[in-house]
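Following this note's numbering, the numbering of the sequence shown begins with 1 at its first residue and continues without gaps.
Worth flagging that the hints you see were computed from the coordinates, not collected in a lab.
Hints may be right or wrong, so weigh each one.
Straight line, CA to CA, 25 Å or less: simulated SDA-like cross-link-like pairs of lysine to any residue [stated by the list, open to error]:
(1) Lys55 - Ser34
(2) Lys45 - Arg25
(3) Lys63 - Leu74
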Amino acid sequence: MAVDKKFLHSDITHSILQAFFTVCRCLPFGLPLSFYKKALSIELKKLQLKAATDKEIIILYDKQAIGSLTVDLLADNKVIVTAISGDSIAAADEASMKNNLRLTDYEVGLILNFGIEGQHKRLVYTNDLKNN
1 MAVDKKFLHS DITHSILQAF FTVCRCLPFG LPLSFYKKAL SIELKKLQLK
51 AATDKEIIIL YDKQAIGSLT VDLLADNKVI VTAISGDSIA AADEASMKNN
101 LRLTDYEVGL ILNFGIEGQH KRLVYTNDLK NN
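Sequences and hints are given; from them, build the entire structure.
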């Protein structure tokens, strides 16, 4: 898989996917999601990426904190990662990621499905499209 400079944070998402497929090859299907997240974090650190698991992000409204949300993993402080385990990536998973991107300053998200097939989906919501 080649890194494509015209895609936002493609170098980071390439490394995340490399780590994801390594974890999928090494760990069997059906484990608790916490196992996959921890293994993914270990693989990302091997690839020289910072990985914060269960990262809490403060949500602002009119420049005031109104609450927080927790993402499964934040890679290199630029890409939100959601880990799931199921038959496929559902519309609800995509909607949740879109909301995470819309509510934060992060622009790229990856949904990683540690199910039998090992699927992934990349979503982008650039800050210039967000209502500030």
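A quick look at each hint next to the structure:
1. Lys55 - Ser34: 13 Å, holds
2. Lys45 - Arg25: 18 Å, holds
3. Lys63 - Leu74: 22 Å, holds
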